[in-house]
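S.K.: The lines below spell out each chain.
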Amino acid sequence: MNRKEVLFAVVGIFMTVIAWLVSDLIHAATSNQLEDIPVVQTVEQVTFNKDVFNDLRGRN
Amino acid sequence: MQDTIIKTLRRFRKEKADYTNLIFFFAAFIVFIVFIIRPSLNEAFARAKRLSDLQTLEGQYEQSIAQIINYQTQMQDVNSNLFLLDEAMPRQPNINKLLADIRSAAASNNIILNRTDVGQINLVREAQARTETNAISVAIEAQASYANFQAFQKELYQQRRLKKITTLTITKAGGAIASQSSGLKIQMEIEGYYL
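Chains A and B, in that order, give the protein sequences.
Taking our numbering, the leading residue of the first sequence gets 179, the next gets one more, and so forth.
Taking our numbering, the leading residue of the second sequence gets 1168, the next gets one more, and so forth.
Among these hints, one or two may not hold up.
Some chain B residues near chain A, calculated using beta-carbon distances under 8 Å [said to hold, decoys possible]:
{"#": "1", "residue": "Val1201"}
{"#": "2", "residue": "Ile1203"}
{"#": "3", "residue": "Arg1205"}
{"#": "4", "residue": "Lys1216"}
{"#": "5", "residue": "Asp1220"}
{"#": "6", "residue": "Leu1221"}
{"#": "7", "residue": "Ile1235"}
{"#": "8", "residue": "Ile1236"}
{"#": "9", "residue": "Gln1243"}
The calculated lysine-lysine pairs, modelled on DSSO-like cross-linking and capped at a C-alpha distance of 30 Å, are [what the hints assert, rightly or not]:
{"#": "10", "chain 1": "B", "residue 1": "Lys1352", "chain 2": "B", "residue 2": "Lys1330"}
{"#": "11", "chain 1": "B", "residue 1": "Lys1352", "chain 2": "B", "residue 2": "Lys1264"}
{"#": "12", "chain 1": "B", "residue 1": "Lys1331", "chain 2": "A", "residue 2": "Lys228"}
{"#": "13", "chain 1": "A", "residue 1": "Lys228", "chain 2": "B", "residue 2": "Lys1330"}
Since the hints were derived computationally from the structure, they do not count as laboratory data.
Since the structure is predicted, the reported quantities are computational estimates derived from the model, not experimental observations.
Just so it is clear, CB atoms sit at the ideal spot from N, CA and C, and this is done for glycine as well.
Assemble the whole structure, with the sequences as input and the hints as a guide.
M.R.: This is the structure:
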């Protein structure tokens, strides 16, 4: 293996490492980083119909 | 000729030296990327994403807290009126109140109650059954004019305790030859609700 071939091999490895670096960064930028923090529990929508109270208040 | 050979050899040596430099450069850069650049950049990107996620989460928490405060305010308004719901649909059958309501409506509208039967009530209930609406059935046999019966029905539905007339049969009180004054024979079943 002459030096030119070694150079091609090293450049190939270099490109692979760059690709690995980019994919690693994309993964770090898109993956969920809040696994240890509890997710907000959504509160159920509650509505009070005040007409019912007004209607009941008018009854005896 | 000798000069040409020497020049070629020098150029060849120079090229070899350049390759060596390039090889070492790439090798060193690979090591640099793997052990220094990648961890630092990775940490920076992860922290930026974490910050963004935390800001989103903070917004959700704030929204949730605002919603809870809103419900608390509404509950304070509603709390003073909750007794109305309890009277409209009590937790216990409260048969005496139901019968009192029926008798009161009958008395105020000149309805003669000939018979009152209360249906079966299951007093032993499991806690989970209390989420469903239960009904007590009261069968009534009465005598009244049609106008009085209409007033009785209206008053019954105007009462706070929720009730429903499920069955109703109206016949002439004295058979086919009955006069206007003898009124109507009314048979009905009233359901009163509780939790």
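S.K.: Please go over all the hints and tell whether each is borne out by the structure.
M.R.: Status of the hints after comparison with the structure:
no., hint, result
1, Val1201, "holds, 6 Å"
2, Ile1203, "violated, 11 Å"
3, Arg1205, "holds, 5 Å"
4, Lys1216, "holds, 5 Å"
5, Asp1220, "holds, 5 Å"
6, Leu1221, "holds, 7 Å"
7, Ile1235, "holds, 6 Å"
8, Ile1236, "violated, 11 Å"
9, Gln1243, "violated, 11 Å"
10, Lys1352/B x Lys1330/B, "holds, 21 Å"
11, Lys1352/B x Lys1264/B, "holds, 25 Å"
12, Lys1331/B x Lys228/A, "holds, 22 Å"
13, Lys228/A x Lys1330/B, "holds, 21 Å"
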